[in-house]
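Student: Produce the complete structure using the sequences and hints provided.
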Amino acid sequence: MNIKDLEKEENEGIDTLPSEERRKFLKMGLAVTGVFLGGSVLSLTAVKSARAVDSVIPAEGQYPYSKHYGMIMRQNNCVDCEKCLDACRETNHVPVGHGAWRTTIQERLTTVDDVEQREFRPILCNHCNRPPCVRVCPTKATYKDPETGIVVMDYKKCIGCKTCMAACPYNARYFNHDKYAIDKCNFCIDTRLAQGKKDTACVAVCPAKVRIFGDIKDKSTEIYQLLHEPDNKIWVLRPETGALPNVFYMNA
Amino acid sequence: MANNSITTIFAQTQDTRLATPGMNRATIFFLITIVAGLSCGVASFFFGHEAIYNNTREVPWGMLISTYAFWAITSTGLCIYAAISHLFGGTRMAIVSNRMVWMSIVCILAAFATIGVEIASPHRMIIYNILSPNPTSNIWWMGTLYGLAVGCMIVEFFGIITGLARIAVILGTAGAVAEVLANSCLGGVFATLPGRPYWYGGQLPIYFLTAAFLSGAAATVLFNHLAYKIRGEEMSEAVKLGVKSAGKAMTLVLVLYSVATFWRLIMYYVGGAELGRIAAGALITGPLSVNFWVLEVCVGLIIPLLLIILSRLENVGMMALAGLLILVGQFVARYDLIAAGLLVPASLGWDNVPTYLDYVPSIFEFGVIIGSISVVAFGFLMGERVFGKVFDQKEHH
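Residue numbers (the numbering used here), protein chains in the order written: chain A, 1 to 252; chain B, 253 to 649.
Be aware that a few hints might be false.
Taking beta-carbon pairs under 8 Å as the criterion, some of the chain B residues facing chain A (in silico) [claimed, not checked]:
| hint | residue |
| --- | --- |
| 1 | Pro312 |
| 2 | Gly395 |
| 3 | Ala598 |
To give a feel for the contact side, a few chain B residues facing chain A, derived at Cβ under 7 Å [claimed, not checked]:
| hint | residue |
| --- | --- |
| 4 | Gly300 |
| 5 | Thr308 |
| 6 | Trp313 |
| 7 | Ala372 |
| 8 | Ser373 |
| 9 | Arg376 |
| 10 | Met377 |
| 11 | Ser384 |
| 12 | Asn386 |
| 13 | Thr388 |
| 14 | Ser389 |
| 15 | Gly447 |
| 16 | Ser599 |
| 17 | Trp602 |
Which stretches of chain A does chain B cover? Using the computed rule of at least three CB atoms under 8 Å from a CB of chain B, they are [claimed, not checked]:
| hint | region |
| --- | --- |
| 18 | 103 to 111 |
| 19 | 126 to 138 |
| 20 | 151 to 160 |
| 21 | 168 to 180 |
| 22 | 239 to 250 |
Simulated from the structure, these hints should not be mistaken for laboratory data.
Every residue gets a Cβ at the ideal spot worked out from N, C-alpha and C, and that includes glycine.
Tutor: Now the structure itself:
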């Protein structure tokens, strides 16, 4: 029927509409609303999973180790007192010279609102979930400890090819001339954790509580709570390498 | 023939024309430089690697690794051309393929000599490569495959000198396959490190294989030319044709390698990781720029191409000079590739680190390099003297 002819017709009003037609109309309305509502709910779900993928923090089910040790640095608390460096060197018998260190503090000047600021950043082995050093080692001299996920060394197997040093994105490895093998931070697994201590030497000595160490899988730990506090902005170093590090950074 | 004693075999393979005082002096000279050069490396086991080599925590690899890669890549190239000639017979290069097999063995031994003194604890490698292998490690595969390749080639060479053609062809093929796979894993050592964007990526293993074809052809032309030079003889027409074939392969791969180098460097300037771009900058305008523009590009690519054009692929002497320059360029190219990947500090922006770290090879590192070059020179002369007749045979099967 032509629209002009329709205009000439008299309005029937709604009183004569059969209830079946009304129900059809309501159903259509519900369907439209449902699609939008469902879409919104779905989009929320999608955002949630996207966060889990994009986040540097492992999500539930992404902890392959029974105790999954990690560390978080509250970077802006660091005042470069270097007590952690000394404690580490002493505890783990790190030789002096030839670039030997297991942890160090980096420093840079930044300018915020025309004011120069000195920034300190403690670094150490990141005990990555996908560690490039472990993959490249020809003799499995370096490996992930199957219980804790800590990247450790079996010195007697190290041939000194230095591929792990070239592979590490964090410059965390050095040649230990006393052991004549590559060495690195091992979260004090042999010098403290094996004796039942709950933290590493660098953590224990830090006066500014920069470093928090613990099982990032255990919801009761401080590190878990810091990592999962929504207001905390957490980052890792060199995420683009895909190494999935277990050392995290935030500002307190 | 296989039952003959070693003396009888040598009596049939040696080239008495080369039993001259001059040859003896040259052979002894290179033997002395091998001992002197490699002693520089052996000293590292007594005085510590840190005291002998200029590598650091930040620059763990240097000229020894690049020289190892250079000889290993050259060995692969020689082995591939020899295997192709042996397998498909009809190529003109077949006539010089025995010499190529020998030089491939010599080059890989030079590579082993270099990396043997570069690795801090090679004795542990011998034990734990077998007892504790890591199948995800490119280094493990590379070492194992190069070891397998040299074993195959030595048996192949034994087959060649004793006339066991079947063994020679089978082992030659197996050796070439192992060499190609080993070369690919050598590329993979660098290509699979996301922490070093200058190396990271799928192009590098193919680039290494291209370099092998280039270095192998260049070495074929050069060593054959030298073999006749030291005898003071003209090449026979058949040998000349074989060398010219190698020259054609050298020209073709020279172009391919140049194209690959061009695109490889352009890639860093169109995006991607900043550390990769800075590393490429080390070659273009940075501390490695003289190496790159003068030695890699001019000496190693442009001048050889001009020499080849001038030679019209006829003048073998000129092509041999081109081959020598290509090898010089390739040697520097390996160094630049290793150095550029390591000179950019991971902590750029912190601790006032310079954009490019400082690494200059120590005098001991240069000593080892001279030692490894002497291994090749000594091996070449010994090969010509002891197996010269086998290298010159028209039909080796």
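Student: Can you tell me if the region 168 to 180 of chain A counts as covered by chain B, using C-beta to C-beta distances under 8 Å and a minimum of three residues?
Tutor: holds (count 9)
Student: If you take the shortest Cβ to Cβ gap from Gly447 of chain B to chain A, is it below 7 Å?
Tutor: 3 Å, holds
Student: Cut-off 8 Å, C-beta pairs, minimum 3 residues; does the coverage of the region 239 to 250 of chain A by chain B stand?
Tutor: This one holds; 4 residues, not fewer than the three required, reach chain B with a Cβ under 8 Å.
Student: If you take the shortest Cβ to Cβ gap from Trp313 of chain B to chain A, is it below 7 Å?
Tutor: Check passed: Cβ of Trp313 of chain B comes within 6 Å of chain A, closer than 7 Å.
Student: Would you say the region 126 to 138 of chain A counts as covered by chain B, given the rule of at least 3 residues with C-beta under 8 Å?
Tutor: Result for this restraint: holds, n = 5.
Student: Checking hints one by one. Is Ala598 of chain B an interface residue toward chain A, by the C-beta closer than 8 Å rule?
Tutor: Since chain A brings a Cβ to about 5 Å from Ala598 of chain B, closer than 8 Å, the hint holds.
Student: Holds or violated: is there a CB of chain A closer than 7 Å to the CB of Trp602 of chain B?
Tutor: Holds. Min distance 4 Å.
Student: Are Ser599 of chain B and chain A close enough, Cβ to Cβ, to be under 7 Å, as the hint says?
Tutor: With a closest approach of 6 Å, the Ser599 of chain B hint holds.
Student: Using Cβ atoms only, decide whether Thr388 of chain B comes closer than 7 Å to chain A, and label the hint accordingly.
Tutor: 5 Å, holds
Student: Does Ser389 of chain B hold up as a contact with chain A if the rule is Cβ-Cβ below 7 Å?
Tutor: 4 Å, holds
Student: For the hint on Gly395 of chain B, does the least C-beta distance to chain A fall short of 8 Å?
Tutor: 7 Å, holds
Student: Could you check if Arg376 of chain B really has its C-beta closer than 7 Å to a C-beta on chain A?
Tutor: Constraint on Arg376 of chain B satisfied, holds at 5 Å.
When the structure is compared with the earlier hints, no violation turns up for any of them.
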